[in-house]
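The task is simple: from the sequences and hints, build the whole structure.
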Amino acid sequence: MIKTMPKFLPWLAAGALALGATLAHAADTIKVGVLHSLSGTMAISETTLKDTVLMLIDAQNKKGGLLGKQLEPVVVDPASNWPLFAEKARELLQKDKVAVVFGCWTSVSRKSVLPVFEELNGILFYPVQYEGEESSRNVFYTGAAPNQQAIPAVDYLMKDLKVQRWVLAGTDYVYPRTTNKILEAYLKAKGVKDEDIMINYTPFGHSDWQSIVADIKKFGSAGKKTAVVSTINGDANVPFYKELGNQGVSAKDIPVVAFSVGEEELSGIDTKPLVGHLAAWNYFMSVKNKANDAFIKEWHTFIKDPKRVTNDPMEATYIGFNMWVKAVEKAKTTDPDKVIDAMVGIEAPNLTGGTAKMLPNHHITKPVLIGEIQGDGQFDVVWKTKGLVAGDAWSDYLPGSKDLVADWADPKIKCGNYNTVTKKCSGQNVK
Amino acid sequence: MPVCAPACVRLKLILFLLALTLCCGSLPARASDDALRTTLLQLHDADFDSKATLIETLAALDHPRVALILNALSASQLYYQADPERIVIGTGDGAEITIEDAVSGAALGPVTKRDLERITTNNQMRSLIEDRLASLGLSSADPQQRRAAVESFLRNPDPAGAERLKARLAVETDSKIKELLTLSLALVDLSSPDAAVRTKAAEALGGQLQPEIRGQLAKAAAEDPDPATREAAQRAVSRTEFRLQLLGGAETLFFGLSLGSVLILAAIGLAVTFGVMGVINMAHGELMMIGAYTTWLVQQWLPVNWSLPVAIPLAFLVAGLMGIAIERGIIRFLYGRPLETLLATFGVSLILQQAVRSIFSPLNRSVATPDWMSGTLAFGPLELTLNRLVIVGFCIAVFALLWLALQRTRLGLEVRAVAQNRAMARAMGVRSARVDALTFGLGSGIAGVAGVALSQLTNVGPNLGQSYIVDSFMVVVFGGVGNLWGTLVAGLSLGVANKLLEPWSGAVLAKIVVLIFLILFIQKRPRGLFPQRGRAAEV
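Line order of the protein sequences matches chains A and B.
All letters in the first sequence, in the order written, are residues 0 to 430 by numbering that gives the first Met the number 0.
All letters in the second sequence, in the order written, are residues 0 to 538 by numbering that gives the first Met the number 0.
Treat the hints with caution; some may be incorrect.
[What the hints assert, rightly or not] DSBU-like cross-link-like pairs, simulated, lysine-lysine; straight-line CA separation at most 35 Å:
hint, chain 1, residue 1, chain 2, residue 2
1, A, K401, A, K224
2, A, K30, A, K303
3, A, K329, A, K68
4, A, K251, B, K177
5, A, K216, B, K523
6, A, K223, B, K218
7, A, K216, A, K251
8, A, K180, A, K192
9, A, K61, B, K218
10, A, K306, B, K112
11, A, K158, A, K401
12, A, K303, B, K112
13, A, K383, B, K112
14, B, K112, A, K223
15, A, K189, A, K161
16, A, K189, B, K218
17, B, K510, A, K217
18, A, K180, A, K356
19, A, K224, B, K523
20, B, K175, B, K199
21, A, K216, B, K199
22, A, K192, B, K510
23, B, K199, A, K329
24, A, K158, A, K68
25, A, K251, A, K217
26, B, K218, A, K192
27, B, K165, A, K217
28, B, K175, A, K251
29, A, K158, B, K218
30, A, K271, A, K383
31, A, K251, A, K68
32, A, K61, A, K271
[Claimed, not checked] Beyond 12 Å from chain A on every Cβ pair, some chain B residues (computed):
hint, residue
33, A74
34, D100
35, R117
36, R131
37, K177
38, R238
39, I279
40, W300
Treat the hints as calculated values from the structure; they're not laboratory data.
Heads up, the beta-carbon is just placed ideally off N, CA and C, and yes, glycines get one too.
Now the structure itself:
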């Protein structure tokens, strides 16, 4: 322990230097806030996104900055602590006066900072797939809404793999619960019977999957093709897949399609027993095109490790960053109100060879890809939506949200949850 | 002297078979390399539907390399090279892979991966390839291949193939494969137009656990037009159900024991530090984490199959030394002040976690499972996962060793003496400070060993310890502080209870129910299952 102490020293020095730099250049830079956990449970996923933002800022500065000014990152560590997210967001907006914030991973951290961004009129780019049912004027959602990930994945299983029985397995928190509610409603609308749906929730970090995998095996042996739709969160996935492999459930018998397992998560697993299981994302590292090759090369140079992988939330960060740059260029200022107004309709290239467009509901258009896990921890794309799918803030399959729309461009609506039946806007953040 | 020894007979047989393939292979129009090459090149641009057709074409091509190519495709090792345009088989991980020409087999040396384009497959194609390859193997000399062929038939019973199965059944010698063949034929009979044949088939299939058979039986029980067949199928289904229930019960028991053994492993080190010494060590989980990281480090240097036997003593040493350092550096100043110890060790746990994040990165590390711990071991129809079985055995071994160490060694005697009455032990010449450090080291070392076991089950990352610390305390408190047997019984009973509850209450509720039970139990019996008696209880 004592030996590791010197490891911290360079950091302190770097921090002091950064602070010095902040003071020296305070006048002629545009500050960009980075609000990702660098310690605690979520550090595993969020550290990568912090590095991605730093890389993008670096590249933008090399191109001459923005509006003639250099971009200056302000990195804070909310330490996977949800109330601390709100405090740090307030610090970024009030004390550091950042022009924009890139941050958050979990939905609960986003919900925690939302009131702060609305109160102080900041801009947040949120780069992770989430459960939908939200649209704030101050937040731009560059990750997938359920209709850009979950629903197309289920369509693929139903049409291409002829799946008839469904296991909806998730970690017990808001994203899986809402997603599974939407999926259950969707499946029933497609004529799937109650007895052909099995829903299972497990606590965070669940590590003993023996009985659940045995149950899934039993459920899947009723003579109908069965698939598992997994919203199991990060850490619990490794023991889950290990148990599947150990009990001999192969992807050929019961495929698992996951919404939270990407290249980064797979880099911590021995993927041999997982080959053939599926994941639905809007980006895979294995997608071949010039933009993606260049991005991967830039990432490897920046992070100085040619083995590091790229993943979907990184692409969402990339799209969000470029959209913000374009909006600032269009508005010719970093003033939040003007940038927010300029954002809708902005287009930026994604890394799968298409173009993402910011929609009036502050979500973006994305292609949906289904990939199969390979032995080297990468995904092979086995299916892809024909065109781009527009992100839908309010699901059409939930009774409460069916009639709601979000539109921040139409001057008559200007609302995140406009009820098309009662023609009323029910406030910013009503359930 | 015999004219020809058995080995020689085998050689002759092989030569004969070789000659047979050579001569008979050339009799029908043997597919030329060019035909194979053209078909293969079509794979590159094809969508999955046309790929499936191409696989059929390939399987029908009579070319010696077809099986090899199809296997490579199934294993995602078939690549398209644009310049010069050809299909190659690539092996090796990482950025550089070694390729050979798919058609000629000529080695082409290493190339960078991004110059190649993988011919993608999906699960349907893999199943198709498996079936095509397997059906070729029905008359293979290797019983495993024959078995695979029959099993693939069982998955997709195709009445057209029944004749071949019948022919095989007549000459088959392996009793297991014979049984499978009979079952397969019965499964085909289940869709025969003759109701009597169907009824007989249903009776034969009752009690069989293969999902394909159960599916077909359930369908027959519900939909068969003939009432007699329906009834027979229903009887067969209920026989299967009964067997399944028995099996399910045995399975749940094993799951419970295995969860229990994990709990015991996690808690047993704590039973020493908390139970015997009375130190609340919140960094216990992190000591397990250190053990798991040691395993990972060992795997960087040694082949996976040999890594665990090396990692176990090493993890014991590393975690034990770390424990001694913590005891000498922090805890010894805080004896008799449990709250301060709790806070200080909690601080240590945070420092250790962040240190691991800084040194090894916050990402999880991938610890591979040795071959001898992968897969299942079948006890009749009951299939137990090997890694769990090994861990149950390992838990028993660790427990036995610890028990022996405490009961049969001088250190153990001193540890017990200090735990029971420190002042008296010191008066008798026991160096209590040294004993404290060694006891803490022993408990920590065992935590490290538990970490090696956990690395085979769960994530190896900075958060590993946190997920087990609460459970460990729970087991020790429930079992009775200071009693090793209590820890054993408590761990097993909590594990089994959890697994019994899980099927009907769900994993989340099962945990809550167990916790509520524990709270009530501690109210009733504050000293746990096996309370310490005598002087130690009053300290």
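Results for each hint:
1. A:K401 / A:K224: At roughly 31 Å apart (the allowed maximum being 35 Å), K224 of chain A and K401 of chain A satisfy the hint.
2. A:K30 / A:K303: Since the Cα atoms of K30 of chain A and K303 of chain A sit roughly 25 Å apart, the hinted pair holds (cutoff 35 Å).
3. A:K329 / A:K68: 15 Å, holds
4. A:K251 / B:K177: Status holds; Cα separation ~26 Å.
5. A:K216 / B:K523: Judged against 35 Å, a Cα distance of about 40 Å means the pair is violated.
6. A:K223 / B:K218: Within the cut-off at roughly 10 Å; holds.
7. A:K216 / A:K251: It holds: about 13 Å lies between the C-alpha atoms, which stays within 35 Å.
8. A:K180 / A:K192: Distance of about 15 Å is within 35 Å: holds.
9. A:K61 / B:K218: Violated - the C-alpha atoms of K218 of chain B and K61 of chain A are around 67 Å apart, more than 35 Å.
10. A:K306 / B:K112: 13 Å, holds
11. A:K158 / A:K401: 25 Å, holds
12. A:K303 / B:K112: 19 Å, holds
13. A:K383 / B:K112: Status holds; Cα separation ~23 Å.
14. B:K112 / A:K223: At roughly 39 Å apart (the allowed maximum being 35 Å), K223 of chain A and K112 of chain B break the hint.
15. A:K189 / A:K161: Within the cut-off at roughly 13 Å; holds.
16. A:K189 / B:K218: 22 Å, holds
17. B:K510 / A:K217: Holds. K510 of chain B to K217 of chain A sits at ~23 Å (cutoff 35 Å).
18. A:K180 / A:K356: 28 Å, holds
19. A:K224 / B:K523: Given that 35 Å is the threshold and the Cα spacing comes to 50 Å, the pair is violated.
20. B:K175 / B:K199: Holds: K175 of chain B and K199 of chain B sit about 21 Å apart, inside 35 Å.
21. A:K216 / B:K199: With a Cα-Cα distance of about 28 Å, the restraint between K216 of chain A and K199 of chain B holds, given a limit of 35 Å.
22. A:K192 / B:K510: With Cα atoms ~30 Å apart, K192 of chain A and K510 of chain B stay inside 35 Å; holds.
23. B:K199 / A:K329: Violated, at roughly 78 Å.
24. A:K158 / A:K68: 52 Å, violated
25. A:K251 / A:K217: 16 Å, holds
26. B:K218 / A:K192: 17 Å, holds
27. B:K165 / A:K217: With a Cα-Cα distance of about 31 Å, the restraint between K165 of chain B and K217 of chain A holds, given a limit of 35 Å.
28. B:K175 / A:K251: Holds, at about 24 Å.
29. A:K158 / B:K218: Status holds; Cα separation ~22 Å.
30. A:K271 / A:K383: 24 Å, holds
31. A:K251 / A:K68: With a Cα-Cα distance of about 55 Å, the restraint between K251 of chain A and K68 of chain A is violated, given a limit of 35 Å.
32. A:K61 / A:K271: Roughly 41 Å between the alpha carbons, so the hint for K61 of chain A and K271 of chain A is violated.
33. A74: 7 Å, violated
34. D100: Holds, since 22 Å exceeds 12 Å.
35. R117: The assertion about R117 of chain B is violated, with a minimum of 7 Å to chain A.
36. R131: 14 Å, holds
37. K177: The assertion about K177 of chain B holds, with a minimum of 23 Å to chain A.
38. R238: 16 Å, holds
39. I279: 19 Å, holds
40. W300: Nearest chain A Cβ is 17 Å from W300 of chain B, so the label holds.
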